[in-house]
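Full structure from sequences and hints, please.
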Amino acid sequence: MIKHYPIILRERSRGYYIITGEVLEKLPELPKEGLLNLFIQHTSAGISINENADSTVRNDFESFFNYIVPENMPFIIHDMEGPDDMPAHIKSTLVGSSISIPISSGRLMLGTWQGIYLCEFRNFPHRRKLVASIYN
Amino acid sequence: MIKHYPIILRERSRGYYIITGEVLEKLPELPKEGLLNLFIQHTSAGISINENADSTVRNDFESFFNYIVPENMPFIIHDMEGPDDMPAHIKSTLVGSSISIPISSGRLMLGTWQGIYLCEFRNFPHRRKLVASIYN
Amino acid sequence: MIKHYPIILRERSRGYYIITGEVLEKLPELPKEGLLNLFIQHTSAGISINENADSTVRNDFESFFNYIVPENMPFIIHDMEGPDDMPAHIKSTLVGSSISIPISSGRLMLGTWQGIYLCEFRNFPHRRKLVASIYN
Chain Y
3 MIKHYPIILR ERSRGYYIIT GEVLEKLPEL PKEGLLNLFI QHTSAGISIN ENADSTVRND
63 FESFFNYIVP ENMPFIIHDM EGPDDMPAHI KSTLVGSSIS IPISSGRLML GTWQGIYLCE
123 FRNFPHRRKL VASIYN
Chain B
3 MIKHYPIILR ERSRGYYIIT GEVLEKLPEL PKEGLLNLFI QHTSAGISIN ENADSTVRND
63 FESFFNYIVP ENMPFIIHDM EGPDDMPAHI KSTLVGSSIS IPISSGRLML GTWQGIYLCE
123 FRNFPHRRKL VASIYN
Chain C
3 MIKHYPIILR ERSRGYYIIT GEVLEKLPEL PKEGLLNLFI QHTSAGISIN ENADSTVRND
63 FESFFNYIVP ENMPFIIHDM EGPDDMPAHI KSTLVGSSIS IPISSGRLML GTWQGIYLCE
123 FRNFPHRRKL VASIYN
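Chains as they are written, first to last, in this note's numbering: chain Y, 3 to 138; chain B, 3 to 138; chain C, 3 to 138.
Quick caveat, the hints were computed from the structure, so don't treat them as lab data. A few of these clues could be false.
A pair counts as met if it fits within one copy or between any two copies, since identical chains are not told apart.
[What the hints assert, rightly or not] 30 Å max Cα-Cα, derived DSSO-like pairs, lysine-lysine:
1) K34 x K93
2) K93 x K5
3) K5 x K131
4) K34 x K5
5) K34 x K131
6) K131 x K93
Quick caveat: nothing in here was measured; it's all calculated off a predicted structure.
Here it is in structure tokens:
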């Protein structure tokens with residue numbers, strides 16, 4: 003049995019954010035055993051799993067991705083929405099748009115140091131939508 | 003209940019292609035509620051979700067991935083099938099080989115601007131196989 | 003029906019390893035039809051699908067990822083556990099932490115050249131835990 007829960011995240015400006023708590027708050031009680039699939043409905047933001055403790059990790063992510071996907075690369079054509087537009091599309095494919103996390107004993111089976119990241123690649127805050135699908 | 007649908011895509015040469023329509027054509031009517039998992043059975047092509055409207059986005063993807071994974075990097079050893087061989091393997095891991103997309107009301111819950119991309123990393127056209135798995 | 007199988011992989015030092023056999027050994031007989039979701043419970047290692055035959059491919063992966071995510075990048079702040087710490091977090095997001103592989107006729111539907119990779123990004127051997135979730 004699968005059930006979908008559309009989740010609207012609060013708006014955030016460019017950066018990397020831990021949203022584990024915000025996602026769980028918007029879901030009903032998790033099943034005993036199951037799987038949670040998260041899918042982000044955007045092409046200029048991504049979701050990933052990474053370190054949940056030290057905020058410098060999220061800062062370093064911002065620095066690193068700007069370093070390998072800088073704005074104004076000479077070969078970029080698509081810039082309709084500004085210089086952060088095409089880099090955002092590229093980053094979203096590098097990071098990915100769906101994750102599946104196992105559920106056991108009614109809890110996400112995340113490792114000790116794992117959190118769910120929202121990666122916002124546009125400069126200005128956007129209202130991002132996830133679909134959380136729980137099957138059991 | 004899970005059902006698998008092997009899909010053979012038409013051959014395409016190096017580049018990024020929207021295959022949402024081609025995939026849906028080869029599937030039966032989607033269930034009311036469910037999930038579609040797409041898995042590509044190759045190590046020199048990838049699948050991703052990205053912008054479905056402006057073709058310059060796909061051109062920029064081609065330029066960008068050639069820029070960060072160029073051919074003939076001095077440290078590359080594996081070149082049995084030519085200079086596009088190892089870069090194709092690397093790109094396929096960067097982009098990924100499986101995606102899970104929620105299905106609701108008999109339709110893929112893609113965002114307005116999202117399409118399914120086939121990323122063909124080899125120069126010459128290859129016949130690529132996907133497995134589409136629908137569970138509901 | 004979903005069942006989870008926690009898998010502890012044998013310790014490996016930095017590098018890329020094919021673990022298809024080791025994973026299958028730790029699972030019961032696969033169902034006739036189903037899906038295997040693999041989730042790695044760490045933020046400094048990743049899992050991916052790539053070439054299963056030529057070991058130079060895995061060496062080239064090591065070289066390439068060290069080239070695009072070198073140690074001691076000047077803007078990196080997070081280095082509590084050493085210079086391989088933050089690059090490992092970045093690589094794990096680039097490579098990913100979950101994969102879904104279809105199962106048919108009691109076998110993984112991998113392509114001819116596909117194997118499951120453990121990507122160990124820390125210098126020293128770590129005991130890595132996966133959760134294998136089988137649903138059918």
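Outcome of the hint check:
1. In this assembly of identical chains, K34 and K93 lie within 30 Å of each other by CA distance neither inside one copy nor across copies; the values are 35 Å within and 32 Å between.
2. Taking the shortest Cα distances, K93 and K5 sit within 30 Å of each other inside one copy (29 Å), while across copies they are farther apart (32 Å).
3. When the C-alpha separation of K5 and K131 is checked against a cutoff of 30 Å, the pair qualifies both within a copy, at 16 Å, and between copies, at 28 Å.
4. Taking CA atoms no more than 30 Å apart as the test, K34 paired with K5 passes in both settings, with 15 Å inside one copy and 11 Å between copies.
5. Proximity of K34 and K131 under a CA criterion of 30 Å is satisfied in both settings, with 26 Å inside one chain copy and 21 Å between copies.
6. Within a single copy, K131 and K93 get their C-alpha atoms as close as 17 Å, and across copies as close as 26 Å, so both meet the 30 Å cut-off.
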